[in-house]
Amino acid sequence: MSIALLYERSENDEAGIKQTAQQLGLDLKFIPFRKIALTISKEGFNVKTKGKDYLETFSQTAVVLNRAQSKNRRLQASYFMEMLDKKTINTSQVEFTCYSKLRTLLKLWKAGLPVPKTVFVPCDASDFMKDHKEIHNEPDIADLFQAEIPLTDGIVIKADAGTHGKMIMLSKNREELLSNIKETKPGIINPVGVVAQELINKWFYDLRIIVYKEKGKQPICHNTALARAGFKDFRTNTFLGNLVFEAKLPQCVIELASKCGDTLGEGNDAWIFALDAMINVADNKQVDETYLKTQLDLAAQEYLPVQKVKADEMRLANFSAWNSRLGQSFSTYASSDSYQKVKSVIDENIENNKNALVFHEANSCPEFWENTRLVTGLNVAIPLLKTAQSLID
Amino acid sequence: MVNSSNSNLQETSIYKAKCPDCDAELEIPSDTESGEIISCPSCGLELEVKAVKDGCVELQELTIEGEDWGE
Ligand SMILES: Nc1ncnc2c1ncn2[C@@H]1O[C@H](COP(=O)(O)OP(=O)(O)OP(=O)(O)O)[C@@H](O)[C@H]1O
Ligand SMILES: [Mg+2]
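Protein sequence lines correspond, in order, to chains S and F.
Take the first sequence: its position 190, counted from the start at 1, is 190 in the numbering used here, and no numbers get skipped.
Remember, the numbering used here sits 1000 above the position in the second sequence when you count from 1.
Okay, chain S solo, but in the shape it has when bound (with noise of 0.2 angstroms):
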């Protein structure tokens, strides 16, 4: 019985996955999630492509690597195997709560662990009466929301199932709260209701912390994170062109993140996840702030030739040659000397802070090739891979 790699287009992490899959001696086999037909019927189940049938596939198949890039196709692929009993990576229940970050704070918050002070308000921006006429909540949304967050700190409005930064938005005062309630209209990745959270004084960073768990093991957290840094906009993802650091996680924060995975994957026999996490480092900075911005600025040059290679079409006609070229200059980039100031500032503030650790949010499906495995030198598909193993009987 064999692994499934279930996915929609494959990208670089999926790609990656297939080239680790062969290093690894394991047989990988491959389910293209787009303009398929699953069917279910009194005659049992069946499963083609126009051109395909991949009944044979799935009857060899034993655990369902789950990598559909939408949240939403995510989640019924995960149910959907699973009720074909097909063991997943990661299961439903997993991902339907990974699929909102509220969900996803719930659990974490019950469980006793640091998260911001998050306020959901299940009504909607606006209503439509029943003859077309538009009702308009914000004014009441945001007075909610200031009743529990000081306007003047920083309020975060957050699309429940975003990504990519997108619809994250900073309010610092009445009108732009209002604007920015007025933008998170009920839709595919804010289903309902608005999401706002107080905002961490997190200085320039935010950390990207992997955690996984086989089957019949204890859960391990890698002891370094992808630091994602810039000071262009409060947001820090990657997607937004900031840059990447390694940084070195405190012993504390390694069993924190560990406890993370465990209440998320509770239940499960294994799980993989891209935590995300904030430190509220507030005054407590090592070094000024001029500094930092010059070797941010430097090491911006040092990255430039990284983002070059990325952007090269090359990779889809050799993903060998392009990865060792992706290697070899993210090498330069992190051996050169402001990336090494950086990623020193960076390393000392969070030991400092260490207990100022917030999680915000968890990824089920962790884009690793081009940042966290470079960066923190695991690469994520060997963990994607093992712990799909372990599922098998």
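Worth flagging that the hints you see were computed from the coordinates, not collected in a lab.
For clarity, every value in this text was computed on a predicted model and none was experimentally measured.
Be aware that a few hints might be false.
Said to hold, decoys possible - Straight-line alpha carbon distances no greater than 27 angstroms define the calculated DSSO-like cross-link-like pairs of lysine-lysine that follow:
(1) S/52 <-> F/1050
(2) S/50 <-> F/1018
(3) F/1050 <-> S/308
(4) S/29 <-> F/1018
(5) S/341 <-> S/310
(6) S/310 <-> F/1050
(7) F/1018 <-> S/18
(8) S/35 <-> F/1018
(9) S/35 <-> S/110
(10) F/1016 <-> S/35
(11) F/1053 <-> S/29
The hints should help you fit chain F with the ligands onto chain S, whose structure is shown.
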């Protein structure tokens, strides 16, 4: 969308190409024009025909990204 098994296209010759994603063999009629979108019969991936010349077809994956695509 071009369908390689379309009987109207029997007069045209067929170029062979491979789906960059699932490696399935694609049959592309020689009169396909660049810019046309075909989809892989095996995995359904949408591909844009970049160039057709000298018996070679250059294909490129369409970059589709749904609103809820994310980690
Ligand atoms: N409460 C907050 N206080 C301060 N900064 C925040 C807060 N919430 C989010 N951010 C910033 O915005 C970024 C994106 O937030 P979040 O991770 O919630 O969104 P996302 O759309 O899931 O992004 P990604 O998919 O890249 O993880 C974070 O990396 C962080 O820098
Ligand atoms: Mg995030």
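Each hint tested on the structure:
| no. | hint | result |
| --- | --- | --- |
| 1 | S/52 <-> F/1050 | 25 angstroms, holds |
| 2 | S/50 <-> F/1018 | 17 angstroms, holds |
| 3 | F/1050 <-> S/308 | 22 angstroms, holds |
| 4 | S/29 <-> F/1018 | 19 angstroms, holds |
| 5 | S/341 <-> S/310 | 24 angstroms, holds |
| 6 | S/310 <-> F/1050 | 21 angstroms, holds |
| 7 | F/1018 <-> S/18 | 18 angstroms, holds |
| 8 | S/35 <-> F/1018 | 18 angstroms, holds |
| 9 | S/35 <-> S/110 | 40 angstroms, violated |
| 10 | F/1016 <-> S/35 | 22 angstroms, holds |
| 11 | F/1053 <-> S/29 | 34 angstroms, violated |
Checked against the numbered hints listed earlier, the structure breaks hints 9 and 11; every other hint is satisfied.
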